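Those sequence lines, one after another, are chains A and B.
Following the working numbering, the numbering of the first sequence begins with 1 at its first residue and continues without gaps.
Following the working numbering, the numbering of the second sequence begins with 1 at its first residue and continues without gaps.
Keep in mind the hints are simulated off the structure, nothing from the lab.
Please note that the accuracy of each hint is not assured.
[As the list claims (entries may be wrong)] Some chain B residues near chain A, calculated using beta-carbon distances under 8 Å: (1) L44; (2) K58; (3) D97; (4) G104.
Predicted, not measured: the structure shown is a model, and the values here were computed from it.
Glycine is no exception: its CB is placed at the ideal position from the N, C-alpha and C atoms.
The primary structure of each chain is shown beneath.
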Amino acid sequence: DTAVSQTPKYLVTQMGNDKSIKCEQNLGHDTMYWYKQDSKKFLKIMFSYNNKELIINETVPNRFSPKSPDKAHLNLHINSLELGDSAVYFCASSQVVGMGTQYFGPGTRLLVL
Amino acid sequence: AQSVSQHNHHVILSEAASLELGCNYSYGGTVNLFWYVQYPGQHLQLLLKYFSGDPLVKGIKGFEAEFIKSKFSFNLRKPSVQWSDTAEYFCAVKDTDKLIFGTGTRLQVFP
Numbered sequence: 001d002t003a004v005s006q007t008p009k010y011l012v013t014q015m016g017n018d019k020s021i022k023c024e025q026n027l028g029h030d031t032m033y034w035y036k037q038d039s040k041k042f043l044k045i046m047f048s049y050n051n052k053e054l055i056i057n058e059t060v061p062n063r064f065s066p067k068s069p070d071k072a073h074l075n076l077h078i079n080s081l082e083l084g085d086s087a088v089y090f091c092a093s094s095q096v097v098g099m100g101t102q103y104f105g106p107g108t109r110l111l112v113l
Numbered sequence: 001a002q003s004v005s006q007h008n009h010h011v012i013l014s015e016a017a018s019l020e021l022g023c024n025y026s027y028g029g030t031v032n033l034f035w036y037v038q039y040p041g042q043h044l045q046l047l048l049k050y051f052s053g054d055p056l057v058k059g060i061k062g063f064e065a066e067f068i069k070s071k072f073s074f075n076l077r078k079p080s081v082q083w084s085d086t087a088e089y090f091c092a093v094k095d096t097d098k099l100i101f102g103t104g105t106r107l108q109v110f111p
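Chain A extracted, bound-state conformation (with noise of 0.2 Å):
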């Protein structure tokens, strides 16, 4: 039984394109993560949702729109790809919002040409 899955598992696209990564999580947590790891593995916060709304929105660009339509799904847009989009997302959910372990997805490595 997958916790957190993502899908692609893969995305190669070009600069300029619009993309989705989809993220669902089967632990009934109520609050959601995409986090971005750079090539340099460094992982930093990029949205959190708690049952379908936004609570954490840290300085990202608004080409990326996440959405949550129900608290299990929290899906993440990307407009007008950069190259500097390149990177691995992770989604992850816990129980409750700020407390507790978070459980991480597979990771979703994307790659803009």
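Since chain A is already given, all that's left is putting chain B on it; use the hints.
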């Protein structure tokens, strides 16, 4: 805001050697601390966490960490590493609603 420092960027050990990876956070009060591991090509997995109580925390795979409040530290230890411990190790601290990660330590273990 909290910040996390991991001073060891790259550690190379032989199997059976002892390991200690440093982690310092920026300010005190009540802290929740975590160590995550990322094996090559895989996602982050929780090794151990500290919320309160005994400052010596036991995790999975023989890892442990000690919370020393006076030193703002949460160092990760393992008495005898294995080749399979080769991975990236991340210390993290909870800051209000989010986790702040350190820059990670790459551990390479040679047989």
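How the hints compare with the structure:
no., hint, verdict
1, L44, "holds, 4 Å"
2, K58, "violated, 15 Å"
3, D97, "holds, 4 Å"
4, G104, "holds, 5 Å"
Checked against the numbered hints given earlier, this structure breaks only hint 2.
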